[in-house]
Structures are given as structure tokens and as C-alpha cells.
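> Protein chains in written order, with numbering that gives the first Met the number 0: chain X, 0 to 399; chain R, 0 to 399; chain B, 0 to 399.
Quick caveat, the hints were computed from the structure, so don't treat them as lab data.
Where hints are given, some of them may not hold.
Identical chains share a label here; the pair holds if one copy fits it or two copies do between them.
[To be verified] The list that follows gives simulated cross-link-like pairs (lysine-lysine, DSSO-like), each with its CA atoms no further than 27 angstroms apart:
hint, residue 1, residue 2
1, K118, K377
2, K2, K162
3, K241, K54
4, K4, K40
5, K25, K64
6, K118, K208
7, K118, K222
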Amino acid sequence: MAKFKPISELINNYQTGYSLEQEFYKNPDLYEVEMQNIFMKHWILAGHTSQIPNKGDYLLFEFDKESVIVIRTEDGSVKAHMNVCTHRGSHICLEKQGTVKALTCPYHAWTFNLDGELKAARNMHEDFDFSDNGLHKANVELVGGLIFVSLSENPPSLDGMRKDLADVFDVFGFDHMKVAKHQTYHIKSNWKLSVENYQECYHCAPSHKDFAKVHAMAMTPEKFNKQKEDFIAKSDGYVRTKASPFYFDLAKEGEECYQYDRNPLLPGRKTGSKGAEPVAPLLGKLKKYEEAASEFMVGPVTYFLIYDDHMLGYRFLPDTQETSICDLFWFVRDDAVEGKDYDLDDLTWLWHVTILDDEEIIVNNQKGVDSRYYRPGKLSEWEHFPQNFLNFYLNAISED
Amino acid sequence: MAKFKPISELINNYQTGYSLEQEFYKNPDLYEVEMQNIFMKHWILAGHTSQIPNKGDYLLFEFDKESVIVIRTEDGSVKAHMNVCTHRGSHICLEKQGTVKALTCPYHAWTFNLDGELKAARNMHEDFDFSDNGLHKANVELVGGLIFVSLSENPPSLDGMRKDLADVFDVFGFDHMKVAKHQTYHIKSNWKLSVENYQECYHCAPSHKDFAKVHAMAMTPEKFNKQKEDFIAKSDGYVRTKASPFYFDLAKEGEECYQYDRNPLLPGRKTGSKGAEPVAPLLGKLKKYEEAASEFMVGPVTYFLIYDDHMLGYRFLPDTQETSICDLFWFVRDDAVEGKDYDLDDLTWLWHVTILDDEEIIVNNQKGVDSRYYRPGKLSEWEHFPQNFLNFYLNAISED
Amino acid sequence: MAKFKPISELINNYQTGYSLEQEFYKNPDLYEVEMQNIFMKHWILAGHTSQIPNKGDYLLFEFDKESVIVIRTEDGSVKAHMNVCTHRGSHICLEKQGTVKALTCPYHAWTFNLDGELKAARNMHEDFDFSDNGLHKANVELVGGLIFVSLSENPPSLDGMRKDLADVFDVFGFDHMKVAKHQTYHIKSNWKLSVENYQECYHCAPSHKDFAKVHAMAMTPEKFNKQKEDFIAKSDGYVRTKASPFYFDLAKEGEECYQYDRNPLLPGRKTGSKGAEPVAPLLGKLKKYEEAASEFMVGPVTYFLIYDDHMLGYRFLPDTQETSICDLFWFVRDDAVEGKDYDLDDLTWLWHVTILDDEEIIVNNQKGVDSRYYRPGKLSEWEHFPQNFLNFYLNAISED
């Protein structure tokens, strides 16, 4: 397909209750709008402070054509700079993760300090102003040890979320976690098909046999809602069960969207693992296994699933319009010792197999969406989160 | 080349007797017109009933972004459905060929019967109408056991061809064949360069040494025409020798184009094989080797070469604008037993080496056509079939 | 980025003293202008007579979608023909280098003599004129044994350069060299980033440790200029030290741009090799090692570095807009014997490791230039050659 409808017509044609029409996944101008209005504006998980504990430690946060250096500076704070030399544009940091004394461009040795200020550049003309040639800065906010980055000059506020969920961050020990493993999965699909897949459990029973052995959510909505009611009724409230639904299109004006919820696992299941038995020490201030897991989502593409003994981080990013990147982060409490308190293979098994299932599903979804015979289909009662995402998405691409 | 002439100008510029100018192979809008006016309209060989003998057996017929499920239904008939779930668009059948009890989408388990009717979809809203959500149907017609598919709602008629060639189908036993082998070849060229290659034997002597040892057609036209005249004069008429030339631009209004012809092999050659000796039992009602082969072409991209002991099917399809797919099918009589009545390697040798020769030729043709210095060249007297194809093609892309 | 500014606006926006903005590397229409106004107009090194010593010997000179046959003809001269059959466009020569009796197209056997005239074509219609169907010719000029090709009908003149540099060609024995090795390197970058890299030594000290052990040029400009002054002052003038700066934007009207210069090596360094010791016999009429190297550049993408014992040829070509080809040619005197007078590994070591360094640098440059945060950066005092190249480039793409 070589010609595309105007984006406004595409948006106007959308019918609530249906999936998106094909051009949403194909129009290259729309892809650029998505980059501007979503990925270069909203808060996205860039990594975790445990990955860059010492000054000069950095990691790269990358999507599409962009590369951001997330670095621990001299004073111990975390900053983010675009990985683009202000001289002739070379990438400065070439490894995904590393440690540097200064940010020295490998091309002509222009040298920036850890704060991104230009400190050395040989043989420049007299009128050259070092202070004009620092690295382009990106915004950083920490939520516990989670590092969020926004490329916007005017990013949405995280304050409402911080205030609302203070007890949640406290009880799960967000200040006392570490990344046990980070793995990247490449998916041959537009990023939205990956996100839509994550947003619903209508596919869980047919597609995720292992997940369905642990999570009540994979049952029918009726059964799940009943079990959830019972779970909330008998909860002692030590871990909040009340949902915070400011997600996607429900976010308050000027605030980043987020959501918190707590859901029961199947009876007798303690955590998300092969036998549903613990795979790491209890997180934060938890005292017992509640046979439940909390969900925490913030911004458009960062999702957490908090079991009592570990937390999973999910991040979806576009690589090109046709390909997406899914990053999984497994978190445990920061004093847990690998080999003693947890085994990496046991910890990561469930969601590694689950994302591999999803990858296959999503790729086959893309193949069908590419057909001239694809038409937006009717969503089920169980696909309300994808609907919320689509509402958010349509708003986002309508801006400006 | 980033800008293209209007398609109408391209068509008007074409000079009979010459090859096509470069933009015919490059303009992406034209490629979409080709899909609409040729590949999604005309009849194309999708496979053979012997490949899906039992109910629930299916095979996929795929080109460009399209995937069609060709399936044996409950009542033993053959139907074709687009391989696109009416929910969120996933491919339903993931293997090239298989057997299913029902068509269950791997994503959310929407289940369609073998006729493509939606029979199960969990948790749909009350107003959901199952009867509105069946799979998109494609047209199927059988010619003997050959399965032809058209994606058009108003496909050209095959009736004239059926009536005209009834004796041909009868004598070669079209109702009593099976696929002995099916192989797919990928060619880095626009599909038209592949078709143009098939349509002429001007290249046979320089390019196909093995073919030229069997087929009289590889000689000069003068020699070939003389031998053909003699062959027709002494024919007993048991197998029709009279050509049916309703091909390409010669098709009657509303009818699919087709062609039948019978041509002599070189003296003493019985069939298309390494030593020109039989490689399978005589087809249909044939009683002896006639040292000849019949050609049967139907629709724009499906061609058959009928030796006395086996039939070859050739099908050209676009994969992308820059790449094409050539499928070869070898047919033998349906009661022939592999290993006893025929050896697969002997059966397939000649045309496997011939298509490999052609692949190299076609790829090098594409490389030169890509040059800014390529100009349409003058066709020889021996390239009248490519000219017919070009006439048909220009008509086809001029429609609507 | 899906939309591009008009090329004229892009040119007008350029600020002298800065690198190019992103769209110069991305706009596909501009890429086509570059092909027309630079690569299909100016003189480019196609090879060397020592590579095609006998009649019928040919080599292919290829860039983008173009392929040129450079061939030794019957009378011993060198000619160039487009590798595109005038019948249906096939490539005629399929190997990078070879020997033929005639140029016979592998498709339909149309046969051209070594001068590109059509001599045989079977079964053509009566009105077919052989003399109208010869291969498209390209211009060839020899500079010593160096073969230059221009695809323009009206190429710039090489006369001024020939007259000016006659003594240089004589002293280095341009008529008495041979290609000892030719190697092709593929770089994932737009061709201009590759050329810009070659045009400056601001990156030499940080990037090329081995080069910097030999060449004075890798020091600061102050030190280098001082050493060069001293070198010229004490030179006996046997090899010309006076620069000829008619390069890039400085070329005279109607003349091809070129440059000659002679620069000192570091004290005690005899040539460009691992230990800076000789790796081949002295070139041409040289009598001693001068601890210097001459540079000779001609046309936009062909550069030579002439050490006293060997000459290096560098050629940059576009493969696609996103990928470029760098060819390195190592030349020695034509009577030098491999294994006796020179060792290939020793001869080629320095520039093989240097181009590998450069490849990495250039690819990382491209990655950063692809970012939405890339902005043209200020050039240093040491980047005057890239500035000259940019001036030439902007003039070239402004023509017509």
C-alpha cells in the first residue's frame, strides 16, 4: 500500500469497541507522530540505579533512531544525555553498559564531563563557545531505584502517582531492589501490537499454559471477578488492594498515566514460577505470601508485575515501524544473594517462556493485519485495557 | 529513482515490439494496481486435491501479503478462506499444510468451522453477531483435481475453457492425477521478469542445454515450425494437436484467458527427463509415447507442460515488488507408486535444473533493468508470447 | 522522517563552518541528484591497466545500480561499456573480473565485440538495425596505468592536471606500477560520511594509533606546520614539494578538481608500514627515502597516498543511500616480484587496520547523525578539507 489516508481521517474513522485499521500500523507519517507525541514525551523506564551503582557507570536507553546515555554523575545523581556528539554527531558511548571517567567521543576526542558539559575540544576557532556545545539533556526521575526518562521539555508530572502510591512503594521496598536479570526480545511487529497483547488476558488461557497455572486472571472474567471479590474481602489491607485506575485515557490533566491493582493468584500459588513456589526472599516489608500479585503501570509502555518475592518489569519500544523491542527486567530485594537466596533460571523461567509465546502470537497477528482483507474486529468484554490503550493512543496522536 | 511517471503515461509510452521500460518494475503504486487487477482478480493455481485428500486437510496459498486457507470441508468439497481472523486479524493456520478439526485462531481461540463460519468466541458483548464474523471467502474452482482460486467477487469465467478442452482433460486424465512433488523457488526479481522468461524459448538454446536436448522448440523457429507441421500432418488425432489460442489478450470477453497447444519433442525423445526416456506410467488414456508435449496455460501465471508420462505445473507469484516466487508441481497418474512406478529424482531432474538456470538469468536481467542506462529493447521474432503477455498486462493495469 | 525539505532550501540553510544537517544524508531525491551530478559526471578510478593486461580482459566498475565493463580491446586500448544488454537489459558480464573473446549476453546470446558493437542477434525482424544496438559507452582516460571512467557525455577535462603534474607522475613512475592488491570494504553509512572522514586528520590521533606512529600529520597543526616548513626548506626538490591546490571547489572552470601535496613523515619514518621501514622497492625514479609521502587526489572520490616505496589508492562509492563501498588499491613498481621484493601482508597492514578503525568510526557517526537530536556541529580549524569538500558538494548538487 503506497498511499495513506490523512491521519485525522484515520482517527475519525476509528470505532470504539473495535481494533485499529491497518493504516495505523503502516503510515510512516503516523509513526513519526507516535515518536514525537508518545516516545519522546512520556516517561519510560530506562533502567535501575542498581545497574549503575558508581560514578561514571552508564547504560544506554535506546529506541528507534535514539540513544540516551543514562549515567551516574560525580555527585551520585543520575542524569541522561543524548548519545550524540555536538561536533559531528557521532555516538559517544558504544557499549550498552560501561564505566567512564568522562564522556569522550571516539571520533575526534571531544570530551564532556559526566554532567554532559563540554570540557575539551582541540583546535577550535576563537569564537567557539564551549558552554553552547554540551550534550543535549533528557529528564530523569527516580521512583525508588527505577530510572525513568522523558525526552520532553515539558513532561507530564509524576507527583500525583508518587503521592498516591507511597504506601505501595514502601511495602514492596522500591528503594531496596536490584535488577537480577535484564533480557531483550526482538519482535517482528509494530510496537502497538506488542502493547495490545500485553494489555489483555483474553489470550492467556489459549496461549499461556504456564501462566494460566498460576494466575487467576486466566480464568473467565466471572470466575476471576468472584475470586477477586473474595480476596479483597478477606485481605488485611497490609498490602493495598484498592485499585488506582488513572491509566491511559484516565490520567489527570498534566499528570502521567498510571495504574495500580492487586489480583489474586490461583489458590495455593505463592508466586510466578514453575511450581508457583517462592524463588526469592520476600520483597520489602512483606511478612507472608498473600497468594496475590500487584500490577503497576506507569506511562504508555512500562509495566510491572509485583509478586511477593520478585518484581517483573516489562518495557515495549519501537525499533522500526515494523519491529519492536520488549525488555524484561527481573527485580529482587537488594540484599538477596544469587546462588544462595535465588537461582536465576528459576527466577526467570515463567516470563521467559511467556514472552516467547507472546512473540509468536504477535508476529502472526502482524502477518494477518498486513493483509488487504484485515478489517478492524470487535473486541470482547475482556479487552477493556486494550480499549483504554487505544483511547489514550488516539488522544496522544491527535495532539498539536 | 524516487519519482515516477503517472501509470497512464507509462502505458501510453509503451511501444509494441519492445520490452517494458524500467518504471514498470519499480513504481510501487503500479505494483498495487497489479495486485488488484491481476493477482486478486484472475484464477491462479492454489494446489491439487491430492494434497488435501481428507476433511480438515488444508494448504496455504500465499503471495505478497496475502494468505489463503484452501481446505477440504465436511462434505468433501474444497473451499478457500482468507487466513485472517475476524477478531484482531491473526493468521489462523501457521503451517504451510496440515490437518485441523476446526479453524481455531491461536491468539484468542475464536473458532471457525471448516466452512469458515464463526462457531465459538468467548466473552463477546451481547450485540455480537456470530454470522457477521465468518472468515472472508475466496472463490474456488476445480479443473480435474487442480484447485484454482480467485479473490475477485466477479472472477472471469472458466466455462469456455472447460468446454473447449474437455477432450484434452479426458485424454490426459486430469481427474486421475496426483502431486508427486511440489517445490518453491525464490527469485530476486520482479514477478514480470520471471513470467517474461517463461513465455519465450529464444533463450532456450543459449541457457538450457538440458532442455534443448529434449525439446524441438529450442531449435530455430524455421526448423521447429517445419517439424511441427510434419508432426501435425502425421498425428492420428488421438491427442488433440489443434491449438486453442485464447491466451492473454486473446481471451473472450468475461472469460479467463487460456491456451492449449501440442508440440513435438526432438526425434526419439519420449519425455522431459535426463535421457528423454519415460520416468512414470503413461498419463490418463494415453496408449503410447507420441514424442510430443502439450502446453496448457490458464490465467496469467499458471502454466502446465504435459508430457505423456507426467505433467509439470508452473506458477509465478509476487512476494514483494522486488522478489518473486516460482512454484513447480510435478504430477503423475494417481495410481502410480513412488519407488515402484516412478523415482522422484528422475522425475524432477530436468525442470529442477532448468528453473535453476532460469533463476540466474532472471536475476541478472533484473540487475541490468535496474540501471539508469537500461532502455526498452527490440523483441525478436521469437518473442511473440512475451508480447502477448505484455498486451494482456497493459490491458489489465489499464482497467478501472 | 517521512517528509523532506526542498533541496534548494537545504542548500540555502547550510552554514559554512558547520557539518551538514541530517536531511543531506536521508533525502532520496537528493541521493538521485548526487548520482546524476557527481557519480555519473566526474572522473572516478575504475581500476588499473595491470589488472587487464591482455585483450578481452575485463573488470567491472560498479556503484549504486550501475555496472560498467572496463575492457582491453583488440587494439590494446581500454574501453568502457555499460553492462546492460540492449535487448532486454540483462547484465552481460557476471564476474567481477574475467577474460572474454566477445561480450555475449548469457540470456539470449546477443553478441557484442570488445568495442561494444552488436555483431550477432538471432531471429530479429527485418527492420532491426545492428548499428543502433551497441552497448552504451562510457568515457575512459588513462593517467599512467590508472583507468578513470566518467559516465558523462561532457566530462570535465583532465588536461590541466596532466600538464601540471607531469613531473610528479614521472618521478613516481605512474607508467610503471602494478596493483599488488585490491580489497573492498563495506561501510554502513552514507558515502559522504566516509568521504568526510577521509578528508581530515583531526581524528587521526584519537582514532589511528598506528597511523599516528608514522605520519607527522597526526600531531597538532602547529607542530605539523612547523615540521612541514622545515621539510620544504631542506628539500632538494627532486620530488616536488609545491602543493597544487585545485581541489574540490578550487578547480578551474571545465577542469576536473585535483590536488597534489607533499608532507613529511615523523623523523626516521621511511614509509607507511608497521615499523615504518620499507616494504617494497623505491617507486619510479626515486633514489632515496625522503621520510615523506605525497598526496594526489583527483575527482570527488579518488585519493592516492604516495609513499616512496608504494602507493595507496582510495575510492569511495555509494552502494545505497545508507551504505557505502570503500576500495583500497595497493600499488608497487611493475617489476617488483611478490615474495621476493615485497610481502603482501607487510605491504597492506597499515591501511587495512586504518580502514577498519575508520569503518567503526564512520558507522558510529552515522548512528548519531540519524538521531532527531543531531544538529550540524562546528568544524575545527583542522577540518578545512571537509569544508572544501562540502563547498564542492553544495555546488555540485546545485547544478542544473
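> For every hint, state whether the structure bears it out.
These are the hints, each one checked on the structure:
{"no.": "1", "hint": "K118 to K377", "verdict": "between (58 angstroms within a copy, 15 angstroms between copies)"}
{"no.": "2", "hint": "K2 to K162", "verdict": "neither (47 angstroms within a copy, 43 angstroms between copies)"}
{"no.": "3", "hint": "K241 to K54", "verdict": "neither (39 angstroms within a copy, 52 angstroms between copies)"}
{"no.": "4", "hint": "K4 to K40", "verdict": "both (25 angstroms within a copy, 24 angstroms between copies)"}
{"no.": "5", "hint": "K25 to K64", "verdict": "both (18 angstroms within a copy, 13 angstroms between copies)"}
{"no.": "6", "hint": "K118 to K208", "verdict": "between (56 angstroms within a copy, 23 angstroms between copies)"}
{"no.": "7", "hint": "K118 to K222", "verdict": "between (63 angstroms within a copy, 23 angstroms between copies)"}
In summary, the structure is inconsistent with hints 2, 3 from the numbered list given earlier, while agreeing with the others.
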